[in-house]
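Respectively, the protein sequence lines represent chains A and B. Note that the first sequence covers residues 1 to 184 in my numbering. Note that the second sequence covers residues 1 to 289 in my numbering.
There's no promise every hint is true.
[Stated by the list, open to error] For each label pair, taking beta carbons as the anchor points, the in silico distance ranges come out as: (1) B:Arg222 x A:Arg104: 42 to 50 Å; (2) A:Lys109 x B:Glu215: 18 to 26 Å; (3) A:Gln33 x B:Ala285: 28 to 36 Å; (4) A:Arg104 x B:Asn130: 14 to 22 Å.
[Unchecked claim] Derived coverage of chain B by chain A (criterion: at least 3 residues anywhere in the stretch with Cβ under 8 Å from a Cβ of chain A; other residues may be distant): (5) 41-52; (6) 55-61; (7) 247-259.
[As the list claims (entries may be wrong)] In silico DSS-like links for lysine-lysine, alpha-carbon gap of 25 Å or less: (8) B:Lys102 x A:Lys174; (9) B:Lys92 x A:Lys155; (10) A:Lys140 x B:Lys102; (11) B:Lys275 x A:Lys163; (12) A:Lys21 x B:Lys274; (13) A:Lys155 x A:Lys138; (14) A:Lys159 x B:Lys275; (15) B:Lys275 x A:Lys21; (16) A:Lys159 x A:Lys140; (17) A:Lys140 x A:Lys174; (18) A:Lys174 x B:Lys275; (19) B:Lys8 x A:Lys21; (20) B:Lys275 x A:Lys155; (21) B:Lys8 x B:Lys92; (22) B:Lys92 x B:Lys102.
Rather than coming from a laboratory, the hints here were simulated on the basis of the structure. Glycine is no exception: its CB is placed at the ideal position from the N, C-alpha and C atoms.
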Amino acid sequence: MQYFDKNGVAVIEANFAEQVKEASGTEINRCYQCLTCSLGCPSAFAMDYLPHQIVRMVQIGLREQVLTSSTIWVCADCQACATRCPNEVDIVRIMDVLREISLREGFVKERSVADFHRIFLGNIEQWGRQHELSLILKLKLKTRDLFSDLLPGIKMLMKGKLKLLPERFKEIEKVRDIFRGAEK
Amino acid sequence: MNQQTAVKYAYYPGCSLEATAREYDLSVRAVCEHLGIELAEIPDWNCCGASSGHSTDRRLAGNLAGRNLALAEGMGMDIAVACPACYIRLRKAQNEMKQDEKQRDELTNLTGLSYNAQYNTRHLLDIICNEIGLESLKDKVVKPLHGLKLAAYYGCYLVRPPEIVAFDDPENPQCLDALLDTLGAEVRDWSGKVDCCGGSLSLSKREMARRMVGELVEMARRAGAEAMVAACPLCHANLEMRQGGANGNKMPVFYFTELIGLALGIAEAGSWFKKHLISPSGLLASLGL
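Okay, chain B solo, but in the shape it has when bound (with noise of 0.2 Å):
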């Protein structure tokens, strides 16, 4: 894309990237403006009522993820959203309402909000993907990854439903394998890509999650991969807590923004990595990174 246009967005960073998931948020906001994104947060945005929400009551979720819609709309911009568990959520809510008067006069007698579905919602992974470009992000690569073996995953709401979600197969997803080639590193392929790791039930069903998680992480290390790539906050500290085996021997979990922060040379990336459960810094200090 043209390097004289700022690209600019509204910013939904949602509840996860305040807190357990910080790298994440620092790791967008960093690599955007490098990528010359221009990231406006959201003034006041709400929790989308995520899994929670539509679980137990679809108005409510309609109405949580809608506020957020119509504060954006304000804005006059199309969204960039980082956790895909949010993203799907206001996408959801962004077709419906588009398709139902009746939804987007409820939102409005509730919040005091007009909106019109007039704008888009965006995961960043798609917006670096398809709107900077991988040949722009290739360009700006000063530090290849060379030698890191990477299992790109994507879990389940990057690619599904497909009729929501989709800007990649919901199958066989490749947008994150190719943005980590262009970092220069070794995708692996797997079976593993868009199969769940269990987020949801994390902190309900602890053992459930345990399994998934394990059989995901076996998956990765048969396919020769020594570090997961994720998109996604709840799939992050999953795959960070629920994992079995002796401290050394974990695999890593990387954010795809780390990565390219890290590629892109910025000198904060190691911040970012410290705060992780599983320290990647023993294997990219084999690597030279």
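Here chain A stands alone, though its shape is the one from the complex (with noise of 0.2 Å):
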């Protein structure tokens, strides 16, 4: 990945933040970095860069190193940070356009979120709804993470919590045209 240049200059596609803003129909120069974002954001411990820094960095330009980012994936999407923008910068939405732009480009770094959001949406398709048990079941052999929690499953399977079999969905073809509707 190219981040600099050879004299160490920042590589920077400078519309990217028209591109961001364009897809999220937020305003992104109204950031000031008040930080507010990152203060309360319950995901910062794990990210690589915090909130009110990812914003910066669209801002001005730093496309790979935002796409390529842990950030995108470990937000919680729990919406505390735009909810406490004092200039309504909508970084959830902003968040959610930046994680499919890295979905579609191929920069995921963080696997396992974007595993889990696509074997989700993958069992809506078939199913209509979601399938707890197959959700679990694909993730583990995707992710090649077998055993653990095997004693909490197991509890759940045997207090009924846990379905064995999908529901049956009458009008399934329904829910597949709206999945074949967003690939257009």
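Make the complex out of the two chains shown on their own, each in a separate frame, by following the hints.
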């Protein structure tokens, strides 16, 4: 990955802020770096860049650094940042847009989170509703992590909290049409 | 509200309530019946897409939620939602489609259903607190939860973002506290009530969720609570699954509807608690509940 050129100058994409602004519908240049978002972020401890830093990086066009960051995937989607932002910068929406581009261009740093989303949506396309047992099993196979959570999993099965089979769904083709529509 | 008028809602349980949150669904249905809230489940409802939908594909998220909105509109009723993660997705789609004819047309093209955003989407906590009312609830309490020290946990999507979900204050909400107080419990004030538990990362980033849950439980304990009360199936599962410590030392987590059911004297309440991973029966027995 080329974050810097041979003279050590950061590689920037000048219109990145404009792209993100367009796709998110939020005025990203309003951010004046007050740090309210980062101070209240529950996932901050696991991030490589804090939310206010991501916003700044988007502003100045550090496209690849942003799209390959952990931050956009370990964001817990709690909405605290956007709720508290004094300038109404919709950071939640910005994170969504960054994840979309990161997925599309194959930059994903945190595979387990992206795999989770993909399997989650795949199950809806297949059955119309989420089937939690197969979501868990598919994620385990995909991440090759077979033995964690075995005990609570068995406990849940015994308590009837994990259905073995998905619910029957009548108009599954309508749901699949929605997925097909999204691809266009 | 007037006892004679039946309140009727199109019920959207959401996927978790069919499985990991079975006891939430059972307690919701029992309590609503007891309070005169009629729930007609939306036939053939689909998953709202949850965080995975809007995190990766905005149009998909809008249309998945939108199909449910359109089905409910066909029933001619407001929607009652149990899961806050579904609640925020349906409210968001409802707001967007209300303003955007193009999105409504797209939904109709894909699903064959018309939608005009004529009805509202409400969470059951909102309906019970603000439609049924706590006065009316109080009259029905037969077994007050005396001595039960609770921390009301709202989490994220009941209160944020306020332009989508607001029925209470986004930083210091009160309705769940007031409801538990009405049931006779000792409600502890604490500062974790709207902090995120990391539920959306519970399966994909276990260690993160463990740390976030650990901090919340510790905060609730310091405030003098012996149990937490949630209104979200994802918070509940995460708080139970990712809580550290020895088995006897873990803090039980209730759904708010379970505690309403207990206080109203609904007989099957005991069977809901058996489904918990962290059993609350010792705590309840010690208080004679």
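Results of checking the hints against the structure:
Separated by about 45 Å at the C-beta atoms, Arg222 of chain B and Arg104 of chain A satisfy the suggested range of 42 to 50 Å. Taking the beta carbon of each, Lys109 of chain A and Glu215 of chain B are about 25 Å apart, inside 18 to 26 Å as hinted. With their beta carbons about 54 Å apart, Gln33 of chain A and Ala285 of chain B fall outside the hinted range of 28 to 36 Å. Range check, Arg104 of chain A to Asn130 of chain B: about 42 Å between beta-carbon atoms, so the 14 to 22 Å window is missed.
Coverage of a stretch by a chain is defined here by at least three residues with a beta carbon nearer than 8 Å to that chain's beta carbons; for the segment 41-52 of chain B and chain A the count is 9, and the condition holds. Using a Cβ-Cβ cut-off of 8 Å, 6 residues of the segment 55-61 of chain B lie near chain A, which meets the minimum of three, so the contact claim holds. Under a criterion of three residues with beta carbons nearer than 8 Å to beta carbons of chain A, the stated coverage of the segment 247-259 of chain B fails, only 0 such residues being counted. Restraint check for Lys102 of chain B and Lys174 of chain A: satisfied, since their Cα atoms lie roughly 19 Å apart, inside the 25 Å limit.
A C-alpha spacing of about 35 Å is found between Lys92 of chain B and Lys155 of chain A, which places the hinted pair above 25 Å, so the restraint is violated. Distance restraint check for Lys140 of chain A and Lys102 of chain B: the Cα-Cα separation of roughly 40 Å exceeds the 25 Å cut-off, and the hinted pair is therefore not satisfied. Between Lys275 of chain B and Lys163 of chain A the alpha-carbon distance is near 14 Å, which keeps this suggested pair within the 25 Å criterion. With a C-alpha separation of about 50 Å, the suggested pair Lys21 of chain A and Lys274 of chain B falls outside the 25 Å cut-off, and the hint is violated.
With a CA separation close to 19 Å, the supplied pair Lys155 of chain A and Lys138 of chain A stays within the 25 Å bound. The straight-line distance between the Cα atoms of Lys159 of chain A and Lys275 of chain B is roughly 6 Å, inside the 25 Å bound, and the hint therefore holds. A distance of roughly 46 Å separates the Cα atoms of Lys275 of chain B and Lys21 of chain A; the hinted pair therefore is violated under the 25 Å criterion. Proximity of Lys159 of chain A to Lys140 of chain A is assessed by CA-CA distance (about 21 Å); at most 25 Å being required, the pair is judged to hold.
Our distance criterion of 25 Å between C-alpha atoms is broken by Lys140 of chain A and Lys174 of chain A, whose separation comes to about 29 Å. For the proposed pair Lys174 of chain A and Lys275 of chain B, the alpha carbon gap of about 34 Å is over 25 Å, so the pair is violated. Between Lys8 of chain B and Lys21 of chain A the CA atoms are separated by roughly 42 Å; this puts the pair beyond 25 Å, and the hint is violated. Between Lys275 of chain B and Lys155 of chain A the alpha-carbon distance is near 9 Å, which keeps this suggested pair within the 25 Å criterion.
Restraint check for Lys8 of chain B and Lys92 of chain B: satisfied, since their Cα atoms lie roughly 22 Å apart, inside the 25 Å limit. With a C-alpha separation of about 16 Å, the suggested pair Lys92 of chain B and Lys102 of chain B falls inside the 25 Å cut-off, and the hint holds.
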